[in-house]
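Participant: Listed below are the residues making up each chain.
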Amino acid sequence: MGVVRMQEIERTDEELVQETLDGRREAFQLLVERHQSRVFGLVRHYLRSGAEVEDLVQDTFLKAFSKLSTFQSNSSFYTWLYRIAKNSVLDHLKRKGRSPIVAMEDPEDNLGGMGEGRSTGLPAPDAAMMKHEISAVTRAVLEELPDIFRDVLILRELEGLSYQEIAETLEVSIGTVESRIFRARAKFKDKLMQQHPEFVEGLS
Amino acid sequence: MNARNMPCEQAERWIHQHVDQELSVKQVGELRQHLDACAACSGLYAELKAGKAWFVPSEAPAVPAGFAARVTALAFAGAEGTIEREAPVLAHLSGGGSRGVVLGGSDRFLKRATAVAAGLLAVLGLALYSQNAVSERSLVAEEGNLETVLEEMDQLNQEQVPSETEDAPKPEESQR
Ligand SMILES: [Zn+2]
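Protein sequences appear in the order of chains A and B.
Everything in the first sequence is counted per this note's numbering, starting at 1 for the first residue and increasing by one.
Everything in the second sequence is counted per this note's numbering, starting at 1 for the first residue and increasing by one.
Just so you know, the hints here were simulated from the structure itself, not pulled from any lab data.
Watch out, some of these pointers could steer you wrong.
The following label-pair restraints were derived from C-beta to C-beta distances [claimed, not checked]:
hint	chain 1	residue 1	chain 2	residue 2	range
1	B	Gly43	A	Ser73	21 to 31 angstroms
2	A	Glu144	B	Ala62	23 to 33 angstroms
3	A	Pro197	B	Ala65	39 to 49 angstroms
4	A	Gly50	B	Ala37	48 to 58 angstroms
5	A	Ser73	B	Ala37	44 to 54 angstroms
6	B	Gly66	A	Asn74	44 to 54 angstroms
7	B	Pro57	A	Ala127	12 to 22 angstroms
8	A	Glu143	B	Pro57	30 to 40 angstroms
9	A	Arg48	B	Gly66	16 to 26 angstroms
Sample of chain A residues lacking proximity to chain B, with all beta carbon distances greater than 10 angstroms (derived) [unchecked claim]:
hint	residue
10	Asp13
11	Gln29
12	Arg48
With a straight-line cut-off of 27 angstroms between C-alpha atoms, the simulated DSSO-like cross-links for lysine-lysine are [stated by the list, open to error]:
hint	chain 1	residue 1	chain 2	residue 2
13	B	Lys49	A	Lys189
14	B	Lys52	A	Lys191
15	A	Lys131	B	Lys49
16	B	Lys52	A	Lys86
17	A	Lys191	B	Lys26
18	A	Lys189	B	Lys52
On a predicted model such as this, the values are computed, not experimentally measured, just so you know.
Backbone N, C-alpha and C define an ideal beta-carbon position, used for all residues, glycine too.
Put together the whole structure using the sequences plus the hints.
Facilitator: If you want it as structure tokens, here you go:
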């Protein structure tokens with residue numbers, strides 16, 4: 001099914017969306033192929049089990065398909081997809097009774113500022129740690145963060161999105177993105193020090 | 001060349017932006033001047049940069065083989081067969097073991113989904129399927145030519161939804 005021809009690679013996401021709406025199956029398959037890796041990566045930041053991940057990614061694309069006519073090309077297809085994926089993850093966690101941690105304080109105060117006083121850096125991981133160990137600790141700490149902070153750290157540090165892209169994805173201003181990232185780093189550090197001081201360089 | 005040209009508060013903000021590659025070259029130059037003159041800020045900068053090591057960027061995650069084709073088949077199966085869009089229930093989440101089939105649509109959608117599953121599971125799926133809904137079509141599983149079977153399934157399903165056969169599968173139109 002669906003051999004991808006070279007010239008098809010040139011088509012934009014918007015064109016592929018339109019063609020899908022016109023009933024062209026291979027256009028949709030191409031869209032999925034283009035974005036599946038990122039969506040898998042994204043969902044994997046939130047869920048542990050591989051089976052859960054695959055179901056949720058599938059669900060994400062099926063939802064996207066069913067809502068495709070509502071896609072506005074003023075945002076990028078990926079950020080639109082991200083929102084659907086994120087909602088699927090949240091629904092899923094809710095259904096399983098693992099409700100995400102919601103920030104209690106108003107996250108938008110201190111807009112663009114550091115929040116509580118001077119920000120501190122984040123000490124490096126202990127030099128003896130392997131990459132996968134670092135990943136595991138980071139993941140555990142991220143899970144403890146309120147989701148507004150976890151989201152920006154995932155998008156910025158793990159997915160490599162720019163502030164502008166994060167703003168689009170989360171539908172907030174760049175100032176809010178900035179403020180959340182600064183504060184997320186502080187929260188991350190606090191949790192890290194509480195949970196795993198032994199892994200922090202220079203503390204053990 | 002003077003830290004006082006930039007207050008520490010601004011430097012602090014720019015340091016975060018700098019480790020995130022959000023500063024212009026010109027801004028980086030200005031920040032550097034501050035960092036050279038301010039021990040507190042250059043300490044913060046060093047730490048934030050080192051702290052990046054906690055975040056190991058995701059490796060390109062493995063995508064199961066044939067994933068895009070499967071999703072596409074399911075999507076179009078659903079669209080042509082009128083998806084009743086209460087949020088799709090994932091088979092996996094409701095405890096079922098079967099992978100790759102979305103339940104929760106209308107009967108027609110279910111049949112389409114079943115048709116797809118039958119295609120994927122080839123003879124076994126077909127045998128089950130033809131025992132109920134389509135037995136009168138005398139599809140014989142043993143003949144086993146998958147493509148013919150799928151084509152017939154397709155036709156069958158289109159016959160079941162006469163109002164939508166010609167229309168492009170505009171997702172989610174005609175609902176509610
Ligand atoms: Zn300073």
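Participant: Hint by hint, say whether it matches the structure.
Facilitator: Cross-check of the supplied hints:
For the hinted restraint 21 to 31 angstroms between glycine 43 (chain B) and serine 73 (chain A), the CB-CB distance of approximately 45 angstroms leaves it violated. Taking the beta carbon of each, glutamate 144 (chain A) and alanine 62 (chain B) are about 27 angstroms apart, inside 23 to 33 angstroms as hinted. At about 43 angstroms, the CB distance of proline 197 (chain A) to alanine 65 (chain B) agrees with the hint of 39 to 49 angstroms. Between glycine 50 (chain A) and alanine 37 (chain B) the Cβ separation comes to about 51 angstroms, which falls inside the hinted range of 48 to 58 angstroms.
Under the hint 44 to 54 angstroms, the C-beta atoms of serine 73 (chain A) and alanine 37 (chain B), about 47 angstroms apart, fit the expected range. Distance hint check: the CB atoms of glycine 66 (chain B) and asparagine 74 (chain A) are about 33 angstroms apart, inconsistent with the given range 44 to 54 angstroms. The beta-carbon spacing between proline 57 (chain B) and alanine 127 (chain A), approximately 19 angstroms, falls within the hinted interval of 12 to 22 angstroms. A C-beta distance of roughly 18 angstroms is found between glutamate 143 (chain A) and proline 57 (chain B), which places it outside the suggested range of 30 to 40 angstroms.
The beta-carbon spacing between arginine 48 (chain A) and glycine 66 (chain B), approximately 24 angstroms, falls within the hinted interval of 16 to 26 angstroms. With a minimum CB-CB distance of about 14 angstroms to chain B, aspartate 13 (chain A) clears the 10 angstroms threshold, and the non-interface call stands. Listed as outside the interface, glutamine 29 (chain A) is inconsistent with that label: its C-beta sits roughly 4 angstroms from the nearest C-beta of chain B, within the 10 angstroms cut-off. With a least CB separation of 14 angstroms from chain B, arginine 48 (chain A) remains clear of the 10 angstroms interface cut-off, as annotated.
For a cut-off of 27 angstroms, the pair hint linking lysine 49 (chain B) to lysine 189 (chain A) stands: about 13 angstroms separates their Cα positions. Simply put, lysine 52 (chain B) and lysine 191 (chain A) have alpha-carbon atoms about 16 angstroms apart, close enough for the 27 angstroms limit, and the pair holds. The hinted pair formed by lysine 131 (chain A) and lysine 49 (chain B) meets the criterion: a straight-line CA distance of about 17 angstroms does not exceed 27 angstroms. In summary, the hint linking lysine 52 (chain B) to lysine 86 (chain A) is supported, as the alpha carbons are separated by about 24 angstroms, within the 27 angstroms threshold.
Between the alpha carbons of lysine 191 (chain A) and lysine 26 (chain B) the distance comes to roughly 35 angstroms, so the proposed pair goes past 27 angstroms and is violated. Note on lysine 189 (chain A) and lysine 52 (chain B): the hinted pairing holds, with a Cα-Cα distance of about 12 angstroms set against a maximum of 27 angstroms.
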